[in-house]
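A.B. asks: Below, each chain spelled out in residue letters.
There are 2 protein chains.
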Amino acid sequence: MRHVLLLNAYSANHAERLRGLLTTEWEVATALETEPTSRRDEELARADALVHSRFSDAMPQGLKLALIQTPTAGFDRIDPAALPKGCLVCNVHEHEVAIAEYVLAAMLQWVIGIADLDRRFRGGDWRGGVARLGHMHGELGGRTLGIIGHGRIGSEVARRAKAFGMRVLGVTRRPRAAPENVDRLATLDGLDALLPQCDVVLVACPLTPATRGMVDARRLALMKRGAFLINVARAAIIDEEALFVALKDGVIAGAALDVWYAYPSPEEPEVRPSRFPFHTLDTVIMTPHASAWTHELIERRWRFIAANLDRFARGEALLNVVIRDGRIVEGESAEG
Amino acid sequence: MRHVLLLNAYSANHAERLRGLLTTEWEVATALETEPTSRRDEELARADALVHSRFSDAMPQGLKLALIQTPTAGFDRIDPAALPKGCLVCNVHEHEVAIAEYVLAAMLQWVIGIADLDRRFRGGDWRGGVARLGHMHGELGGRTLGIIGHGRIGSEVARRAKAFGMRVLGVTRRPRAAPENVDRLATLDGLDALLPQCDVVLVACPLTPATRGMVDARRLALMKRGAFLINVARAAIIDEEALFVALKDGVIAGAALDVWYAYPSPEEPEVRPSRFPFHTLDTVIMTPHASAWTHELIERRWRFIAANLDRFARGEALLNVVIRDGRIVEGESAEG
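Sequences listed follow chains A and B, in order.
The letter at position 271 of the first sequence is residue 271 when you use our numbering, and the numbering goes up by one with no holes.
The letter at position 17 of the second sequence is residue 17 when you use our numbering, and the numbering goes up by one with no holes.
Among the hints, a few may not be true.
Calculated from the model, a selection of chain A residues having no Cβ within reach of chain B, i.e. all distances over 10 Å [what the hints assert, rightly or not]: (1) Thr37; (2) Ser38; (3) Ala45; (4) Met59; (5) Ala66; (6) Leu88; (7) Thr144; (8) Thr187; (9) Ala217; (10) Arg234; (11) Ala307.
Derived CB-CB ranges, DEER-like [unchecked claim]: (12) His279/B to Ser38/A: 51 to 61 Å; (13) Gly134/B to Glu33/A: 11 to 21 Å; (14) Arg314/B to His135/A: 31 to 41 Å; (15) Lys248/A to Arg46/B: 53 to 63 Å; (16) Arg122/B to Ala186/A: 46 to 56 Å; (17) Arg225/A to Glu25/B: 38 to 48 Å; (18) Asp282/B to Gly134/A: 20 to 30 Å; (19) Pro175/A to Thr208/B: 51 to 61 Å; (20) Asp282/B to Lys85/A: 53 to 63 Å; (21) Pro60/B to Gly142/A: 36 to 46 Å.
Not the full set, but computed from the structure, chain A residues with beta-carbon under 10 Å of chain B [what the hints assert, rightly or not]: (22) Asp118; (23) Gly129; (24) Val251; (25) Ala292.
Note that these hints are calculated values from the structure, not bench results.
No residue lacks a Cβ here, since even glycine has one placed at the ideal position from N, Cα and C.
Generate the whole structure from the sequences, applying the supplied hints.
C.D. replies: Below, the structure written as structure tokens:
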């Protein structure tokens with residue numbers, strides 16, 4: 001029987017679920033980093049497959065591991081050079097629906113502000129409605145959305161934005177014809193031309209050396225003063241100081257930020273997410289990297305992981321191979 | 001030259017806009033209820049068309065008025081029997097896009113709660129995201145939406161809900177085949193069968209003797225315990241006490257309410273919108289009849305009004321005729 005090891009608490013918690021989903025014969029073992037290394041190493045030595053997001057040369061040598069399946073999209077903490085010979089790495093996505101819903105929720109909160117209407121109305125304030133003329137809100141329909149990075153997330157956002165009657169523009173790494181629901185798609189060098197046209201700009205591209213700091217002070221200044229910026233990708237794609245200054249000074253009108261420049265650690269469990277006080281700006285919607293974090297995401301991911309292990313057991317081609325022969329595989333995984 | 005009178009502050013405020021939009025020759029006059037009745041009556045006597053939402057037998061006799069164009073969808077304060085002979089009444093919609101956006105915003109606030117994530121995260125709380133496992137939110141995709149009253153609003157909501165991957169069911173007055181974006185459409189007598197299937201129920205039908213109190217305690221109990229109810233139509237379609245009790249006791253999980261059982265008056269400008277304390281329930285999203293109240297709505301409505309006056313001036317058929325020959329016209333105006 002084949003052995004798969006689920007390493008660490010997050011994966012280990014889903015062992016029962018995985019056993020229920022697998023249709024091929026597997027022994028599903030679990031180990032925690034808090035256990036003695038010797039037990040973890042014993043389990044590793046027996047494993048044909050490992051479900052984990054990290055692998056380095058601190059791991060034991062001579063493993064027979066043929067597959068590392070990450071339980072997340074990110075595989076940047078797996079060192080390709082440290083992998084056992086022939087070991088494939090597959091990742092998992094399934095977050096695009098959740099993130100697209102978050103993006104639409106952020107845009108609607110921006111134009112309508114239903115939570116603010118609710119808060120004021122509970123106090124007896126009828127303003128903002130037909131009974132007391134005055135404050136009106138806005139609509140998404142007819143506005144222009146620009147998507148930076150047209151991968152899985154961009155596609156799901158575009159489909160929903162089109163149903164709202166938005167114009168959808170995009171820039172992406174690889175030149176190709178505009179896909180469904182996109183009015184015009186350019187390559188990344190078209191970014192400067194895209195920005196001044198957009199009422200909403202969505203950052204949904206991977207963080208690479210080319211995209212790090214790509215949205216800087218100059219590009220923020222190219223955006224409309226009334227524009228709204230959304231980042232669901234990686235914080236470092238937008239220059240931290242330039243973003244804070246642009247929001248504080250009204251260079252752009254607002255932002256929804258779900259990804260951050262600092263994350264909590266055991267030492268700083270409530271660390272501020274930036275060295276700048278974004279939490280003092282009322283034009284920002286700020287969330288704790290929560291956009292994908294749904295019950296349904298977990299369900300879909302473990303179904304995918306089980307199906308990939310089934311494929312492995314049956315000798316079929318695996319889905320979402322991201323590292324093969326010690327090299328990151330371009331083109332086998334979609335952007336975003 | 002033809003004369004059109006804009007009566008009262010809301011319409012009078014848009015006189016300049018209307019003049020800019022008309023392409024036929026009109027004298028656009030305004031009068032306020034606060035002015036002496038004699039001046040209003042002089043203007044009324046000259047008017048070929050009146051833009052106003054009220055007409056009763058308190059108005060002067062013998063007017064030559066041939067058209068009353070309401071600046072709103074509602075025309076229930078126009079007494080058909082009081083109209084000058086031959087005078088048509090047309091209403092205006094154009095609110096369906098704004099209301100559909102509100103409905104999606106409410107559903108997304110319900111499943112994601114982006115405003116709550118924001119509030120907590122500003123205080124340093126990373127829960128709800130990937131950095132601090134624990135609380136997860138939900139998705140709209142795959143859930144079932146039931147729409148009561150499949151008119152203009154229902155259609156616009158269905159289109160957006162489908163793009164989110166929702167299953168869409170509906171009940172409506174007139175039997176017909178399921179339109180685009182609706183998986184199954186039944187007549188109103190199918191309501192009891194619809195309710196237990198839905199994760200979200202949207203009330204979007206007109207208030208009529210048949211729909212008043214239609215969603216009562218018995219029907220609320222037919223809904224799923226986890227269901228979310230949205231009312232953007234008229235409050236009285238849902239029994240006031242039954243709704244409060246169902247929310248308080250968890251018979252249903254939550255509601256977004258934009259229409260109310262009491263509205264402000266000069267005597268009570270901050271009147272509570274119900275005799276029950278909905279504002280004490282945190283499972284309710286409550287807004288002050290604000291769903292349609294957008295800048296774009298006003299723009300579209302006055303464009304429609306100008307176009308209808310142009311049609312009148314050119315002797316063409318008018319759009320949205322709701323009263324003809326002193327009778328409310330069925331079938332010429334869409335539901336919702």
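A.B. asks: Give a verdict on every hint.
C.D. replies: Cross-check of the supplied hints:
1. The beta carbon of Thr37/A sits about 23 Å from the closest Cβ of chain B, which is more than 10 Å, so the claim that it is off the interface holds.
2. Under the 10 Å C-beta cut-off, the non-interface status given to Ser38/A relative to chain B holds; the minimum distance is some 27 Å.
3. No Cβ of chain B comes within 10 Å of the Cβ of Ala45/A; the nearest lies about 29 Å off, and the non-interface call holds.
4. Under the 10 Å C-beta cut-off, the non-interface status given to Met59/A relative to chain B holds; the minimum distance is some 24 Å.
5. Residue-level check passed: Ala66/A sits 28 Å from the nearest beta carbon of chain B, beyond 10 Å.
6. The Cβ of Leu88/A sits about 25 Å from the closest Cβ of chain B, beyond the 10 Å cut-off, so the non-interface label holds.
7. At roughly 14 Å, the least C-beta separation between Thr144/A and chain B is larger than 10 Å, which holds for a residue marked as non-interface.
8. Distance check for Thr187/A against chain B: the nearest CB is about 27 Å away, which clears 10 Å, and the non-interface claim stands.
9. Under the 10 Å C-beta cut-off, the non-interface status given to Ala217/A relative to chain B holds; the minimum distance is some 25 Å.
10. With a least beta-carbon separation of about 13 Å from chain B, Arg234/A lies farther than 10 Å from that chain, consistent with its non-interface assignment.
11. No Cβ of chain B comes within 10 Å of the Cβ of Ala307/A; the nearest lies about 18 Å off, and the non-interface call holds.
12. The beta-carbon spacing between His279/B and Ser38/A, approximately 60 Å, falls within the hinted interval of 51 to 61 Å.
13. Between Gly134/B and Glu33/A the CB atoms are about 19 Å apart, so this pair conforms to the stated range of 11 to 21 Å.
14. A C-beta distance of roughly 37 Å is found between Arg314/B and His135/A, which places it inside the suggested range of 31 to 41 Å.
15. Checked against the hint of 53 to 63 Å, the C-beta distance between Lys248/A and Arg46/B comes to roughly 56 Å, which is consistent with it.
16. Checked against the hint of 46 to 56 Å, the pair Arg122/B and Ala186/A fails, with Cβ atoms roughly 36 Å apart.
17. For the pair Arg225/A and Glu25/B, the beta carbons lie near 40 Å from each other, so the given range of 38 to 48 Å is met.
18. Separated by about 27 Å at the C-beta atoms, Asp282/B and Gly134/A satisfy the suggested range of 20 to 30 Å.
19. Against the hinted window of 51 to 61 Å, the Cβ-Cβ separation of Pro175/A and Thr208/B comes to about 56 Å, which satisfies the hint.
20. Take Asp282/B and Lys85/A: their Cβ atoms lie about 57 Å apart, and the range 53 to 63 Å holds.
21. Against the hinted window of 36 to 46 Å, the Cβ-Cβ separation of Pro60/B and Gly142/A comes to about 42 Å, which satisfies the hint.
22. Given hint, Asp118/A at the interface with chain B, holds; its Cβ is 5 Å from that chain's nearest Cβ, closer than 10 Å.
23. Annotation: Gly129/A was flagged as interfacial toward chain B, and the flag holds, the nearest CB pair being 3 Å apart, inside 10 Å.
24. For Val251/A, the shortest C-beta to C-beta distance to chain B is roughly 21 Å, which exceeds 10 Å, and the interface hint is violated.
25. Taking 10 Å as the C-beta cut-off, the interface hint given for Ala292/A holds, the closest approach to chain B being about 7 Å.
Violated hints, listed in ascending order, are 16, 24; each of the other numbered hints is respected by the structure.
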